[in-house]
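J.: Okay, here's what each chain looks like letter by letter:
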Amino acid sequence: MNEEIRIIERKEIPKGAVMLFGFPDVGLVGVIAASHLISELGLEEVAYIDSRLLPPIIVLHEGLPHSPVRIFGDKRILLAVSETALQGELIYPIMHALIDWGKNREVKMMISISGIPVQDRQDLEELKVFAAASNPDMLKMAQDKGIEILREGYMVGPQAVMLQYCATIGLPALTLLAQCFFQYPDPEAAAKVLEQLENFTGLKVDVSKLLEKGEEIRLKARDMMKRTQQELAKMRKTQEYDIPLYIT
Amino acid sequence: MSEENLRRRRSIFDLIDEYFEGLEAWAERVRETLLERPSWNCRTCTIEPLRDIIVTSDEVIVTVDLPYAEENTVQVKPISKDTIEVSAKMRRKVSFDDFGITHHRGEFQRFQCRTRIPVPVYMDRIEIRFKRGILEIRLPRKHEYEIPIE
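Sequence lines, in order, name chains S and V. In this text, residue positions in the first sequence follow this note's numbering: the first is 1, and each later residue adds one. In this text, residue positions in the second sequence follow this note's numbering: the first is 1, and each later residue adds one.
Quick caveat, the hints were computed from the structure, so don't treat them as lab data. If you're wondering where the values come from, they're calculated on a predicted model, not measured in any experiment. Each residue gets a CB set at the ideal place from its N, CA and C atoms; glycine is no exception. Check the hints yourself; a few may be wrong.
[Claimed, not checked] Subject to a maximum C-alpha distance of 20 angstroms in a straight line, what follows is the list of computed PhoX-like cross-link-like pairs (lysine-lysine):
| hint | chain 1 | residue 1 | chain 2 | residue 2 |
| --- | --- | --- | --- | --- |
| 1 | S | K220 | V | K81 |
| 2 | V | K81 | S | K213 |
| 3 | S | K213 | V | K93 |
[Stated by the list, open to error] Residues from chain S that face chain V, not an exhaustive set, calculated with beta carbons under 10 angstroms:
| hint | residue |
| --- | --- |
| 4 | E9 |
| 5 | H61 |
| 6 | D120 |
| 7 | Q183 |
| 8 | V207 |
| 9 | L211 |
| 10 | G214 |
| 11 | K220 |
| 12 | D223 |
| 13 | Q229 |
[As the list claims (entries may be wrong)] Away from chain V, derived, C-beta distances all over 12 angstroms, residues of chain S:
| hint | residue |
| --- | --- |
| 14 | L53 |
| 15 | A167 |
| 16 | P244 |
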């Protein structure tokens, strides 16, 4: 276990669950999707991160303090979510600690939920979901479900660290990325990626409320999006638009 | 550090790099300071919307996220040669209570923001469209000089 980051368990952790990640990124797709999963599936907080590497922030709910990075779950899934924008330098230690913890709890698969920014997003009627994976079997599984593969390009952020680290330690992992706004909260993209998630978790999630509350979510998520924009700029997130020089 | 390294460090290119790195760091600090303010104003009952600016070779595109905005109330006013003001009325009043916040009091029913355009543009040739709650403002760039190619 990473000594600088402690994961404090509040409940018994089931074995063989699918571990999901919803971290602040473009369009806040992961965080919006995670928030919807928690309320729709009635997930409970099962663990949280305690670390001096995190900024001195707590999140107050009903007057009580909570860590900004928590794990929710039930018998089937474990969902790591951050309620604050994470600085680039925290992403490696936090993701490695969470993945090591998940591996020790014998999770069968890790899935990161996020977005892929697209120009003129407001003109798109139908959003595509792309996938990238930590190994060829996971990639084939995504292809078999009809998900387009992100073949070439750069990936920046928690999902990049997750794929690389899971590939290194031999844990099956997948990143699902819905086309989204770069700078604005995108509940429609979150709904789209949740629809695809069912293919891998077997969990049917009704996204109708998420779509109905779209404008309310966009309004509520403004401040978090603004903080996330600042961190994405420091992380050079726009590199995802770059065309890579492919070296075999 | 070897003598050769010292000599290399003092080259004009290093000094220029250091100058620009310093300038970038200063600009970052200023930007962060300016961003560090609430995104709402209880006195004017307004909310500051999220916005973005893209500068291309021939135009500047400003987008503004305006959820709940009534399309026919969206206004874009040039208020100087390099600044525009955006305002829009919301279809419903929003209060801090709606977000579960009880330690602030206030109701909001309007978006308002001012945005500085970073390059010269023709304010009189402004084009506006509103789709999916996103306001898009296009301003053609003014190219005040050209460098002749010999």
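J.: Would the hint on S:V207 be counted as holding, given a Cβ-Cβ threshold of 10 angstroms to chain V?
T.: Violated - the Cβ of S:V207 stays beyond 10 angstroms from chain V, reaching only about 17 angstroms at its closest.
J.: Given S:E9 as an interface hint, is its Cβ closer than 10 angstroms to any Cβ of chain V?
T.: Hint violated; S:E9 Cβ to chain V Cβ min 27 angstroms, cut 10 angstroms.
J.: For the pair supplied as a hint, V:K81 and S:K213, is the alpha-carbon distance within the 20 angstroms limit?
T.: violated, 38 angstroms
J.: Would the stated hint for S:D223 survive a check requiring a Cβ distance to chain V of less than 10 angstroms?
T.: holds, 6 angstroms
J.: Keeping to a limit of 20 angstroms between CA atoms, is the pair of S:K213 and V:K93 held or broken?
T.: holds, 15 angstroms
J.: Given the hint that S:K220 pairs with V:K81, test it: the Cα-Cα distance must not exceed 20 angstroms.
T.: Violated. S:K220 to V:K81 sits at ~33 angstroms, over the 20 angstroms cutoff.
J.: Determine whether the non-interface label on S:L53 survives the test: each CB of chain V must be over 12 angstroms from its CB.
T.: holds, 20 angstroms
J.: Answer holds if the nearest beta-carbon of chain V is closer than 10 angstroms to that of S:K220; otherwise answer violated.
T.: Since the shortest Cβ distance to chain V is 6 angstroms, the answer is holds.
J.: Taking 12 angstroms as the cut and beta carbons as the points, is S:A167 off the interface with chain V?
T.: S:A167 clear of chain V: closest Cβ-Cβ about 33 angstroms, beyond 12 angstroms.
J.: Confirm or reject the statement that S:P244 sits farther than 12 angstroms, beta carbon to beta carbon, from all of chain V.
T.: Consistent with the label, S:P244 stays out of reach of chain V, its closest Cβ about 22 angstroms off (over 12 angstroms).
J.: Please verify that hint: S:L211, Cβ, nearest Cβ of chain V, below 10 angstroms or not.
T.: violated, 12 angstroms
J.: Per the CB criterion, is S:D120 less than 10 angstroms away from chain V?
T.: holds, 9 angstroms
Consistency with the previously given hints fails for numbers 1, 2, 4, 8 and 9, ordered from lowest to highest.
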